[in-house]
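Protein chains: 2
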Amino acid sequence: MSASVNRQILLVEKPTGKLSVDHFKMSEAAMPVAKDGEALLKVHYISLDAANRAWMHGATYRSAVEANTVMAGGGIAEVIASNSPDLKAGDIVFGDTGWQQYAAVPARHLNKLPRMEPMTHLLSVYGIAGLTAYFGLLQVGQPKQGETVVVSAAAGSVGSIVGQIAKIKGCRVVGIAGGKDKCDWLVSELGFDAAVDYKDGATFKALKAAAPKGIDVYFDNVGGDILEACIAQMNLRGRIACCGAISQYDGVPSATGPRGVPGLIVVKRLRMEGFIVMDYMDQRDAALKDLQGWVSSGQLKVQEDVIDGLDNTPRALIGLLAGENRGKRMIRL
Amino acid sequence: MSASVNRQILLVEKPTGKLSVDHFKMSEAAMPVAKDGEALLKVHYISLDAANRAWMHGATYRSAVEANTVMAGGGIAEVIASNSPDLKAGDIVFGDTGWQQYAAVPARHLNKLPRMEPMTHLLSVYGIAGLTAYFGLLQVGQPKQGETVVVSAAAGSVGSIVGQIAKIKGCRVVGIAGGKDKCDWLVSELGFDAAVDYKDGATFKALKAAAPKGIDVYFDNVGGDILEACIAQMNLRGRIACCGAISQYDGVPSATGPRGVPGLIVVKRLRMEGFIVMDYMDQRDAALKDLQGWVSSGQLKVQEDVIDGLDNTPRALIGLLAGENRGKRMIRL
Chain A
70 MSASVNRQIL LVEKPTGKLS VDHFKMSEAA MPVAKDGEAL LKVHYISLDA ANRAWMHGAT
130 YRSAVEANTV MAGGGIAEVI ASNSPDLKAG DIVFGDTGWQ QYAAVPARHL NKLPRMEPMT
190 HLLSVYGIAG LTAYFGLLQV GQPKQGETVV VSAAAGSVGS IVGQIAKIKG CRVVGIAGGK
250 DKCDWLVSEL GFDAAVDYKD GATFKALKAA APKGIDVYFD NVGGDILEAC IAQMNLRGRI
310 ACCGAISQYD GVPSATGPRG VPGLIVVKRL RMEGFIVMDY MDQRDAALKD LQGWVSSGQL
370 KVQEDVIDGL DNTPRALIGL LAGENRGKRM IRL
Chain B
70 MSASVNRQIL LVEKPTGKLS VDHFKMSEAA MPVAKDGEAL LKVHYISLDA ANRAWMHGAT
130 YRSAVEANTV MAGGGIAEVI ASNSPDLKAG DIVFGDTGWQ QYAAVPARHL NKLPRMEPMT
190 HLLSVYGIAG LTAYFGLLQV GQPKQGETVV VSAAAGSVGS IVGQIAKIKG CRVVGIAGGK
250 DKCDWLVSEL GFDAAVDYKD GATFKALKAA APKGIDVYFD NVGGDILEAC IAQMNLRGRI
310 ACCGAISQYD GVPSATGPRG VPGLIVVKRL RMEGFIVMDY MDQRDAALKD LQGWVSSGQL
370 KVQEDVIDGL DNTPRALIGL LAGENRGKRM IRL
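Heads up: the protein sequence lines correspond to chains A and B, in order.
So my numbering is basically just the index in the first sequence, starting at one, shifted up by 69.
So my numbering is basically just the index in the second sequence, starting at one, shifted up by 69.
Only chain A is shown next, with the shape it has when bound in the complex:
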């Protein structure tokens, strides 16, 4: 054993507003012991993610972090003792080690990883960040060659990889990031076609200039105003991959709504999709056959609300907007 105490960082209070260092405190605990099925880990790297802050609001895709416990967080660690047949001393693993030097974690909650140099790659490009970028862009966003892909938090761990993969796939890539330095870096170092500095104001206009053909895929890491600006510039049948909502995490959640967008959309992997019936008109005959069958069998009842007289049309529309009608309202001339 290389130490007799385990230094830890506790979350002492859940923030109601902005997170500050006062919400945490250093603490020391006895070295943990690996129980049956557990491995004792020495933590090498702790991953920092905007999601850490979201966990403080409540249950997401994991249970909420609680006050007066070791702050949760992913980490790369080395097994120093094992009480599980699946792991042995010297193995490198990823898991929720928490913010501490040592942790005893059930082996079934740990992913064994290959040793590699630099080890940090296991947390960045080959870790959650890289895989999030990969699957979110390619499987949810489904970019096609020549399309315009926009990514927010573009200089971050996920965004910087999203943009580069989109370039590899032959797309025009626009990154949204905070500050001229980051924006310059995206273009000159990472090969983005353009970058928009949201701290510069006029994000909507700058985005329009950077994506003159509109946006086909928006990879959203931030939610809020930037999501709003992007939605307004999406092309028909655009895809928005909802990955996170950083702008909403730190502070009092905004009073604007619908409040589940995009937070719950992410957590619940929801698909929210707009449609217009005209797009399906090539399948109209088959649909009508179904509908007619259901109407004649009595499974589908037809409710209509027929009002006589052209003069009544305005009043009838106003009544419909007020919820007056039952079934299809129409005017008979």
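Please keep in mind that the hints were generated in silico from the structure rather than gathered at the bench.
Honestly, I wouldn't trust all of these hints.
Each pair may be met inside one copy or between any two copies, as identical chains are not told apart.
[Unchecked claim] Keeping only pairs whose Cα atoms sit at most 27 Å apart, straight-line, the calculated BS3-like set for lysine-lysine is:
1) LYS181 - LYS157
2) LYS236 - LYS358
3) LYS370 - LYS181
4) LYS104 - LYS238
Since the model is a prediction, treat every value here as computed from it, not as a measurement.
We have chain A; now place chain B onto it with these hints.
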């Protein structure tokens, strides 16, 4: 010719707040004449749709309606004279006739329909309303037997059909409508399993009681607060078919945001989809192979932001939330 004047209803002013009868006026015009390629129509039925109001805000899937013109609207009409080889007197058509007795419309903008009794079915169950319900529910919502389907504006032209089709498909169906009468009707006449009266307050709780296993498909006609309540009760991988946003149409658009949700989602047929990387872990090996290939070829640059020392973890997270980092931030212990 059965008349020498054409009675019309003009939109005299675009409403900035609630729509009232004062925004319209009756007018008389000369009988229109069918020009080359046009048909002269006698309108039998004018369709009233919440979308009529949305058209007054600006361009949607059609251009905006303008002040001092005949109010736009779909209608079922009979051809009384034709200057097109595609239509002849006596044909029944659907098209944007506007709110008037007669209209001259290019034949290519008209859909020829079969004569049927009652003719009203061409505007309700076999018209836009029925087809919207059919495709929106089955193709966008993709309900499976045993799932819970919730539909808002459930007593309306589209909603009343959505709910019935969902029943035909073996789902538990909950309708949201305004008033006890409508709710009773949904259950007793249309066979819905439950109905929630949103005018009764406590919509969230009532919905929870009516859909105790959560919502798998939400067919949204209304947007706003009801969308918000439904999002919060969606099950994992739920589908929200965004059909309309009635709650947002009449009056000043709400200040809450993101403002494009669900309005632009509908108009642009956007897909907004949440995801969590863990769901894709069965494809991890293939992803890593791609990523490794791109890293070694130099197409993908890896940016990491490594900070030393456990004690710096809180400050590092706070800095990340403030946008300090570039690439993947982590703590080295």
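* **Unsatisfied constraints (hint numbers, rising)** => Hint check: 4 fails alone, others pass.
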